[in-house]
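Let the sequences and hints guide you as you build the complete structure.
These protein sequence lines map, in sequence, to chains S and F.
Numbered per my numbering, the first sequence spans residues 283 to 639.
Numbered per my numbering, the second sequence spans residues 283 to 639.
One should not assume that every hint holds.
If chains are identical, the list can't say which one is meant, so a pair holds when it fits in one copy or spans any two.
Claimed, not checked - Derived pair list, reagent style SDA-like, types lysine to any residue, alpha-carbon separation capped at 25 Å:
| no. | residue 1 | residue 2 |
| --- | --- | --- |
| 1 | 498 | 448 |
| 2 | 609 | 597 |
| 3 | 477 | 622 |
| 4 | 362 | 350 |
| 5 | 593 | 340 |
| 6 | 310 | 620 |
| 7 | 333 | 531 |
| 8 | 477 | 561 |
The set of hints was computed from the structure by calculation and includes no laboratory data.
Since we're looking at a predicted model, the values are computed, not measured.
2 protein chains.
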Amino acid sequence: MNQIQSINYPIYFNSVTTHLNNFINEGKYSRFFILTDEHTSTHCLPYIREKLNNRDDFDLIEINAGEESKTIDFCIGIWKMLIDFDADRSSLLINLGGGVVTDLGGFAASTFKRGIDFIHIPTTLLSQVDASVGGKTGIDIDNLKNIIGTFTQPKAVFIEHAFLSTLPARQVKSGMAEMLKHGLIADASYWNVLKISDLENPTDQLIYQSVVIKNKVVTEDPSERGIRKILNFGHTIGHALESYSLDNDSNPLTHGEAIAAGMICEAYLSHLKAGLPAGDMQEIVDTLLGVYGKYPIHESCYTALNAIMKKDKKNQGGKINCSLLTKIGECRIDNICTDDELCDSLKYYASLQYAQV
Amino acid sequence: MNQIQSINYPIYFNSVTTHLNNFINEGKYSRFFILTDEHTSTHCLPYIREKLNNRDDFDLIEINAGEESKTIDFCIGIWKMLIDFDADRSSLLINLGGGVVTDLGGFAASTFKRGIDFIHIPTTLLSQVDASVGGKTGIDIDNLKNIIGTFTQPKAVFIEHAFLSTLPARQVKSGMAEMLKHGLIADASYWNVLKISDLENPTDQLIYQSVVIKNKVVTEDPSERGIRKILNFGHTIGHALESYSLDNDSNPLTHGEAIAAGMICEAYLSHLKAGLPAGDMQEIVDTLLGVYGKYPIHESCYTALNAIMKKDKKNQGGKINCSLLTKIGECRIDNICTDDELCDSLKYYASLQYAQV
Ligand SMILES: NC(=O)c1ccc[n+]([C@@H]2O[C@H](COP(=O)([O-])OP(=O)(O)OC[C@H]3O[C@@H](n4cnc5c(N)ncnc54)[C@H](O)[C@@H]3O)[C@@H](O)[C@H]2O)c1
Ligand SMILES: NC(=O)c1ccc[n+]([C@@H]2O[C@H](COP(=O)([O-])OP(=O)(O)OC[C@H]3O[C@@H](n4cnc5c(N)ncnc54)[C@H](O)[C@@H]3O)[C@@H](O)[C@H]2O)c1
Ligand SMILES: [Zn+2]
Ligand SMILES: [Zn+2]
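Here you go:
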């Protein structure tokens, strides 16, 4: 429970001391750079510095925290700093942060001088169990999430439980949504354990299991031609809600909160179109509402949400494509959903009885 | 002499009618888009339209002509137009133009929705014998050439001699510099034929031979770890001159003109450091000056040029790396050159007796 093999790279658990030092010192790299955001500079960089014996032969690049930084402007900023620091092709970029840092840093590295090596040290639960594994890099344009990016694998991923101690509870819950998703799409017994565990303090074992599930799926289908699409369960509607909220709310939804609402809508669609039993649907709805509460979706937003979904990367030929559950623990890809069906699922969500978040 | 196989894709010669239609119609693509610049819209698009039986089920994206367009701003413009046109992952981008269009279009496509397919229809001699083959995509930042990019292969390349009829003579000569380079680095007998042929009207046969040489090298080493670097002969100094000229001259050097001057300097370095016989060096200098004339490099620019070379992508650990000739037809990679040596080669160039361009 200390290492998993992914697509040509290792994922290490709680062993940054040995393995990160070996990695940097093995002689492959002329230089290294660490990318952080303002929060991970404070909360995570000291830990890494200490593990690296306080060496200071690297340059630091810091971005603002939050999804607002996952833009081409910040990417250009990183490129220019790498240029100013004279980064060459054998430089290494270490992305130390949540999914924003790993997605943006991965994209910047994969295109700098046509690609330099990078590694991820994910510091949020979400990035540990999801964003750092699988080689998707990306930035947003005009709030279209990840519309630009590459498939480029990191050279290693280091998952350290220690970072979760400073992570706000809301961020832990955000990552938990992806863990719950992993159970729903691939492993009913994992779901059964998860749903009754302490969701604000995930154990090493639960994190490890989530990474195993995510890794298995992406290793089978690195460039998302088929099976990998099961990871999109909850994300067609979830991403639309996330974009919408980012544009309209002063305190926007986290990724996980948006995906949790998306999973409820798509559980409804799963019941409607993919045979998900009513009891399973109810169990999913109760669990997710219990953890995440309810986001107020007004009828007036349906058109806007639908317009966002129309721009979803996963669509083909103008058709909106969902991954839906056939039962808890099993997911089917490529379900075309009509605008009416999608709208009905939003109405279903809006009709649920629960105190608003 | 009608098709060559490259890294998983075909290069077709003068057979756009059959093969482009087959390609588009084979059913793989939901939509296609054509990227042009203002000149290729006028001179090349009508030809392609006609070959496509005047179908109009595609959208056109046009950029300004010239290297000034090979920027992240124009790239963002292309991304946004693809978004506006609702391009999905099974869209195809057809890059119809010179190296600016193929480099920029290739980069935009390789990162849009983490990569959509693209093909190149190169319309300058330079892009036919060089830029369109080998999978390098790229954009410039602050006049640092191709500092951002990916290695992504097109799905096909279509080389049509017809386009050369409208190409200004200066542009033909620009492409010819790469053909001469191909002879110098890999094929002495090709060089011997080339140097006495009509360099303003290259035959189909000569173009074909150049593509064969370029293609052989890139197929052996797609991501430029070794042998592919021979293609950089003339380019360490040539790129610096090109950047410098773009910044300082009202009528900047073409790529080929810059590379021709770079090849003279690097022939000097080849003689100094790699055993290129004096007679070979003289033959190269005479031929290139005869075709391209001489660019005035003043002593005051040496420092600026050196600073640009220091930012060259090909450097490792701060050392400037050149590919040098051991004799005509043979090239050796990874020659570290000192600042003094590079400066001497510029002085050598400056000392040559020839009427200024
Ligand atoms: N590439 C993929 O496959 C993939 C998968 C899922 C999500 N994502 C992307 O990930 C992003 C969301 O990731 P996220 O939720 O990690 O967001 P994030 O990177 O914005 O991190 C959330 C917040 O936590 C802070 N933070 C990070 N680590 C901390 C720590 N240890 N202690 C205290 N604060 C800390 C950050 O500064 C930020 O304010 C989205 O952009 C999403 O698109 C990518
Ligand atoms: N990717 C690679 O491997 C590679 C290799 C070599 C060069 N390049 C790049 O290629 C670029 C230079 O390419 P280029 O010289 O083709 O420049 P270009 O694309 O700017 O074309 C030169 C000019 O010719 C015009 N033009 C193009 N086709 C025409 C036609 N048939 N008739 C009339 N006018 C026409 C263009 O509009 C432009 O004004 C540089 O950016 C260089 O970095 C890339
Ligand atoms: Zn997600
Ligand atoms: Zn060139």
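### Task
Identify every previously stated hint that the structure contradicts and give their numbers, smallest first.
1, 3, 7
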